[in-house]
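Could you build the full structure based on these sequences and the hints that come with them?
Here's the letter readout for the chains.
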Amino acid sequence: MNIIECTGISVFFGGLPALRKVNLGVEKGEIRAIIGPNGAGKTTLFNVINGVVKPSEGKILFEGRNITGKPPHVICRMGISRTLQIPRVFKDLTVVDNVMAGALFSGRLKGDMLEKYVNDVLEMVGIADKATVKGGQLNIQERKKVELARALASKPCLLLVDEYMSGLNPMEIEDAIDLFKRIRKEYNLTIIWVEHVISAVSSLADQVTVLNQGEKIAEGKPEEIVVDDKVVEAYLGERVVKHT
Amino acid sequence: MSSILKVEELNAGYGDVQVLWDVSLDLGKNEVVAILGPNGSGKTTLLKTIAGILKPKKGKIIFNGKRIDGMPPERIVQDGIALALAEKELFPAMTVKENLLLGAFNKHARKNFNENLELVYKIFPRLKERENQKAGTMSGGEQQMLAIGRALMTGARVLMLDEPSTGLAPLLVKSIFDGLRQLMETKQELSILLVEQRAIQAVELCDRGYILSNGRIVYEGDIREAVTSGSFMRKYLGV
Amino acid sequence: MLDIFPPLLIIDGIVLGLTLSLIAAGLTMIYGLAGVLNISHGELVIISTVTAAVLLQFGSPLPLALLAGLGAAVALSSFLERVVLRPIYGLEGEERVLLGLYITLALAIFLHSALVSTFPLAYLTLSLPIPTVSFLGLTFRTAQLLSGGIAATTLVALFLFLKRSWSGMAIRSLTQNEVGALICGVSVKRYRLLVFIIGGVLASSAGYIRGLVATVGPETGLEFTILALLVCVVGGVRSVYGTIIAGIVIGVVYTFLIAMIGTYLANVALLVFIMLLVLIKPYGIIGERW
Amino acid sequence: MTAQIRITRRNQLIAFITLCTVYIFLPLLFINTPYVVFIMTQMLFFTIFAYSFNFLFGFTRQLFLCIGAFAGIGAYITGILLRESIVGVVESVILSTLTVGFIGWFVSYLSVRRRLVVIFTGIFTLAITLAFNNLVIGLVDITGGETGFRVRLVSLGLLDSLPLYVRFYYLAAATLLTTAFISFYLLSYTKIGYAFRCIIDDEVSSGLIGIDVAKIKMITAVLASGLLGYAGALYGLFSQLITPSYYGFLSLDIPVQLIVILGGRATLLGPFIGSAIISILNEALKFLGPLTQVLYGLILVLLLAFFRNGIVDFVKRRIVPWFF
Numbered sequence: 001m002n003i004i005e006c007t008g009i010s011v012f013f014g015g016l017p018a019l020r021k022v023n024l025g026v027e028k029g030e031i032r033a034i035i036g037p038n039g040a041g042k043t044t045l046f047n048v049i050n051g052v053v054k055p056s057e058g059k060i061l062f063e064g065r066n067i068t069g070k071p072p073h074v075i076c077r078m079g080i081s082r083t084l085q086i087p088r089v090f091k092d093l094t095v096v097d098n099v100m101a102g103a104l105f106s107g108r109l110k111g112d113m114l115e116k117y118v119n120d121v122l123e124m125v126g127i128a129d130k131a132t133v134k135g136g137q138l139n140i141q142e143r144k145k146v147e148l149a150r151a152l153a154s155k156p157c158l159l160l161v162d163e164y165m166s167g168l169n170p171m172e173i174e175d176a177i178d179l180f181k182r183i184r185k186e187y188n189l190t191i192i193w194v195e196h197v198i199s200a201v202s203s204l205a206d207q208v209t210v211l212n213q214g215e216k217i218a219e220g221k222p223e224e225i226v227v228d229d230k231v232v233e234a235y236l237g238e239r240v241v242k243h244t
Numbered sequence: 001m002s003s004i005l006k007v008e009e010l011n012a013g014y015g016d017v018q019v020l021w022d023v024s025l026d027l028g029k030n031e032v033v034a035i036l037g038p039n040g041s042g043k044t045t046l047l048k049t050i051a052g053i054l055k056p057k058k059g060k061i062i063f064n065g066k067r068i069d070g071m072p073p074e075r076i077v078q079d080g081i082a083l084a085l086a087e088k089e090l091f092p093a094m095t096v097k098e099n100l101l102l103g104a105f106n107k108h109a110r111k112n113f114n115e116n117l118e119l120v121y122k123i124f125p126r127l128k129e130r131e132n133q134k135a136g137t138m139s140g141g142e143q144q145m146l147a148i149g150r151a152l153m154t155g156a157r158v159l160m161l162d163e164p165s166t167g168l169a170p171l172l173v174k175s176i177f178d179g180l181r182q183l184m185e186t187k188q189e190l191s192i193l194l195v196e197q198r199a200i201q202a203v204e205l206c207d208r209g210y211i212l213s214n215g216r217i218v219y220e221g222d223i224r225e226a227v228t229s230g231s232f233m234r235k236y237l238g239v
Numbered sequence: 001m002l003d004i005f006p007p008l009l010i011i012d013g014i015v016l017g018l019t020l021s022l023i024a025a026g027l028t029m030i031y032g033l034a035g036v037l038n039i040s041h042g043e044l045v046i047i048s049t050v051t052a053a054v055l056l057q058f059g060s061p062l063p064l065a066l067l068a069g070l071g072a073a074v075a076l077s078s079f080l081e082r083v084v085l086r087p088i089y090g091l092e093g094e095e096r097v098l099l100g101l102y103i104t105l106a107l108a109i110f111l112h113s114a115l116v117s118t119f120p121l122a123y124l125t126l127s128l129p130i131p132t133v134s135f136l137g138l139t140f141r142t143a144q145l146l147s148g149g150i151a152a153t154t155l156v157a158l159f160l161f162l163k164r165s166w167s168g169m170a171i172r173s174l175t176q177n178e179v180g181a182l183i184c185g186v187s188v189k190r191y192r193l194l195v196f197i198i199g200g201v202l203a204s205s206a207g208y209i210r211g212l213v214a215t216v217g218p219e220t221g222l223e224f225t226i227l228a229l230l231v232c233v234v235g236g237v238r239s240v241y242g243t244i245i246a247g248i249v250i251g252v253v254y255t256f257l258i259a260m261i262g263t264y265l266a267n268v269a270l271l272v273f274i275m276l277l278v279l280i281k282p283y284g285i286i287g288e289r290w
Numbered sequence: 001m002t003a004q005i006r007i008t009r010r011n012q013l014i015a016f017i018t019l020c021t022v023y024i025f026l027p028l029l030f031i032n033t034p035y036v037v038f039i040m041t042q043m044l045f046f047t048i049f050a051y052s053f054n055f056l057f058g059f060t061r062q063l064f065l066c067i068g069a070f071a072g073i074g075a076y077i078t079g080i081l082l083r084e085s086i087v088g089v090v091e092s093v094i095l096s097t098l099t100v101g102f103i104g105w106f107v108s109y110l111s112v113r114r115r116l117v118v119i120f121t122g123i124f125t126l127a128i129t130l131a132f133n134n135l136v137i138g139l140v141d142i143t144g145g146e147t148g149f150r151v152r153l154v155s156l157g158l159l160d161s162l163p164l165y166v167r168f169y170y171l172a173a174a175t176l177l178t179t180a181f182i183s184f185y186l187l188s189y190t191k192i193g194y195a196f197r198c199i200i201d202d203e204v205s206s207g208l209i210g211i212d213v214a215k216i217k218m219i220t221a222v223l224a225s226g227l228l229g230y231a232g233a234l235y236g237l238f239s240q241l242i243t244p245s246y247y248g249f250l251s252l253d254i255p256v257q258l259i260v261i262l263g264g265r266a267t268l269l270g271p272f273i274g275s276a277i278i279s280i281l282n283e284a285l286k287f288l289g290p291l292t293q294v295l296y297g298l299i300l301v302l303l304l305a306f307f308r309n310g311i312v313d314f315v316k317r318r319i320v321p322w323f324f
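Residue numbers (the numbering used here), protein chains in the order written: chain A, 1 to 244; chain B, 1 to 239; chain C, 1 to 290; chain D, 1 to 324.
In short, the hints are calculated from the structure, not lab data. Heads up, none of these hints are tricks.
Which chain C residues face chain D? A few, computed with CB under 8 Å, are given here:
1) P87
2) E94
3) A106
4) V268
5) V272
6) I274
7) M275
Glycine included, C-beta positions come from ideal geometry on N, C-alpha and C.
As structure tokens, this is what we get:
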């Protein structure tokens with residue numbers, strides 16, 4: 001059974017469609033990448049899944065339960081965590097408090113386990129050495145790590161990651177790929193991942209979904225996607241396809 | 001060919017998010033140069049930095065032999081670099097004519113107002129038809145024409161276009177690129193920096209180009225050759 | 001129930017409404033360009049009437065006194081923009097609006113108390129030599145007609161300035177789209193100062209116009225601010241034209257309410273209406289958008 | 001990590017016990033100067049008002065510009081009920097508390113539901129303040145208009161054995177210290193404190209990690225407003241005179257805001273420090289007369305422009321991380 005099943009999701013902003021009848025089913029344990037050009041609706045899809053935006057049409061089932069239109073905090077407590085494209089950590093809290101907050105309010109962990117779990121997550125993400133630094137004093141990559149750790153600390157079943165790799169150099173991208181591999185293995189997670197660093201996508205994702213102008217235009221394994229006519233067209237323009 | 005705009009080892013971004021890393025490029029007089037790359041690669045950031053809306057962290061921007069990095073945007077427009085953004089950034093409650101009028105806000109553009117207006121109406125006749133319509137009520141394609149038209153009204157010698165084809169139907173894309181082609185034929189002393197996500201339209205307008213991936217220049221040279229060669233897609237997407 | 005003949009009441013209302021529109025137009029433009037809801041705006045009205053009144057008490061000729069008052073309002077307004085509000089320009093979004101609200105509120109309290117305690121008796125009344133004129137069988141007060149005329153003329157002038165002049169275009173462009181204005185070469189800093197200066201001029205003229213038909217005392221600043229704020233909320237916080245229409249409507253309704261149920265309950269009715277409006281349509285009835 | 005929290009908690013407890021001691025024994029020093037005790041009582045009431053405003057604005061970013069109006073509603077309800085001898089003191093005060101609590105919940109509910117931006121909540125509540133003022137002055141028959149009406153001295157049970165001017169001092173002190181203690185406890189020892197810290201910092205992120213921001217805002221609004229209604233009623237009984245000028249924006253809201261900003265937003269010791277400074281200033285500057293208002297305005301402008309985070313924050317950053 002798919003852990004999450006979105007059927008016929010449409011979102012309109014002031015009459016303009018941001019998503020049109022998008023279906024998305026992700027298997028348990030999978031890493032699913034979502035790619036697409038500007039304005040394709042990737043972040044909107046995330047906003048719909050975690051309840052920031054209510055869909056105009058469509059239904060979302062998470063582990064078989066209908067979560068359509070539930071507010072973000074409820075969805076978080078049900079086991080879906082999310083990181084943002086531009087990370088928002090708590091600036092006045094230390095790194096460890098940031099992550100602790102994630103563990104505390106999801107209500108998915110019990111008392112004694114909290115501290116150990118939080119320390120494990122900090123080690124895993126590689127930010128343990130900054131544990132007592134305040135969120136506001138971190139640089140952008142450290143903030144991304146803290147946000148990821150905070151999301152992991154809520155012990156989710158499904159993790160939504162929004163553009164983790166942008167702004168990283170090739171070395172750092174390698175590290176991040178490695179990190180996600182370990183996270184999946186260690187925490188037994190399903191990950192949906194919006195990304196435009198395609199090199200990372202192809203070495204990490206099991207399946208890729210391609211959105212363009214609010215519609216799903218392709219889905220498949222990374223190596224199939226890169227040569228898919230519709231995808232090439234969406235990225236490069238219609239006539240390239242004829243040339244090649 | 002002598003260059004009119006030169007960017008050297010530019011680093012820029014928003015706040016502490018660095019988007020561009022050591023980007024260098026060169027735009028010749030009367031040349032059209034393409035900058036290609038997928039979304040998030042930093043194309044719009046590059047244009048905004050050149051236009052002075054964002055302050056560069058490091059590096060030089062040289063226009064017509066003079067350093068312009070760190071200058072306020074109104075000075076840069078006056079010097080002759082105009083920008084039409086993908087978000088259009090029009091004045092929705094103003095008419096088409098008023099939008100164009102504001103394009104000619106700087107002193108020397110006011111002098112050549114009639115001449116430039118004629119040119120804009122010639123390459124985008126649709127704008128003349130819609131002269132008195134509110135900009136906010138126009139279609140996406142028309143708004144794109146207006147954004148380009150407004151940039152031209154500044155009397156610029158360098159025109160920077162940010163994804164003029166995004167979100168438009170193929171027919172409209174064609175009319176916009178036809179307009180640009182006509183513009184290059186009529187107007188003397190105009191160089192265009194064309195940023196595009198879709199390569200093919202760009203290829204029809206220019207020979208030379210750059211590919212930007214993840215904030216860095218990964219290819220520089222003959223753009224037609226790059227697009228037709230098999231490795232393009234890999235290079236383009238940074239695979 | 002009404003002591004005054006309704007048409008005269010309507011004219012009274014329109015005159016008050018136009019005066020409020022003058023103040024509110026400044027408020028709206030300042031909000032549009034600087035992102036500050038200037039709570040101290042009503043004090044600009046008072047600083048000019050107080051200055052003029054004090055000078056008149058010392059025997060200064062009328063034009064000189066009025067000019068000095070205008071100068072005081074403009075100077076204060078520019079000082080507000082260049083010095084007092086400086087800390088907020090580095091902030092974005094809600095933080096900026098909030099700090100702006102707070103600083104101008106504090107400034108309003110400061111000016112209010114300072115003016116009331118220093119010049120408690122500086123009332124401005126500009127009485128005219130001919131009290132009434134007859135027209136179509138009705139007797140109008142000259143002051144009423146004159147103040148209405150001046151207010152309308154000033155608003156038309158403002159309208160033409162915004163519509164026709166380069167500076168006016170620049171101001172409108174900045175309120176509609178700041179990035180758009182930037183890439184057209186419009187300097188934010190320069191026009192921000194300009195709208196504060198214009199706001200000062202408009203507020204000052206509103207004070208004088210009010211002085212023709214009523215007595216303007218140093219304690220009325222907050223009242224002007226509140227009424228103008230209401231006009232802005234009804235007219236849409238970013239639309240100058242909406243502001244003008246809303247001003248007239250509120251002026252007339254308010255005048256009638258006062259005549260029918262007394263000042264205090266009229267205030268209550270108006271405020272309840274505003275509260276409902278904030279809830280139902282926070283961006284105004286008339287204004288097209290923020 | 002835990003060690004640090006333990007130190008902070010210990011220091012907070014020390015601070016709290018010190019406060020209790022000072023507040024209990026301080027009036028005994030001035031037992032022969034009723035005026036000083038009177039001023040200190042007034043300071044206590046303003047500290048309570050500031051506590052409410054601090055919870056609303058400092059902790060949950062709900063800009064209620066109607067602190068005076070809320071306290072006033074409480075005072076008028078109790079005052080009128082007692083004047084007309086409808087119910088007893090206790091019932092009146094309870095009714096004041098519940099009514100104002102309900103109004104606070106309603107305002108919060110509306111602004112949360114309608115997703116009003118802070119500034120619109122501000123305008124909305126400013127309108128409440130003005131409407132309250134106009135209503136009170138307009139309904140002369142019931143409220144006594146501008147001059148207000150007198151309230152008879154009421155019995156305070158056990159406290160009646162104390163000298164007249166000390167009774168209300170201890171009543172207010174008990175209210176304040178209880179409020180402060182409950183706040184200290186909740187904020188330092190429970191999850192709620194953590195949630196508050198998250199909400200102050202970033203509301204969006206708080207929602208994402210599973211905090212029900214809307215619920216916390218509304219609960220805070222009920223409690224803080226209820227406290228205002230209660231304290232307002234007591235303030236009315238203490239003054240023995242209820243007039244609109246006591247609860248006006250200039251006479252109540254502005255000093256309260258000054259206290260909170262001076263002491264530091266979203267701190268528990270801030271209101272204590274802020275109100276102490278303001279009270280001392282108030283007395284020291286008495287000779288200025290109405291010019292004190294001017295000075296307050298000026299101080300507020302300067303504080304906002306250059307010293308926005310207040311004294312507690314300054315101390316916290318520069319000296320010790322004691323106070324939350």
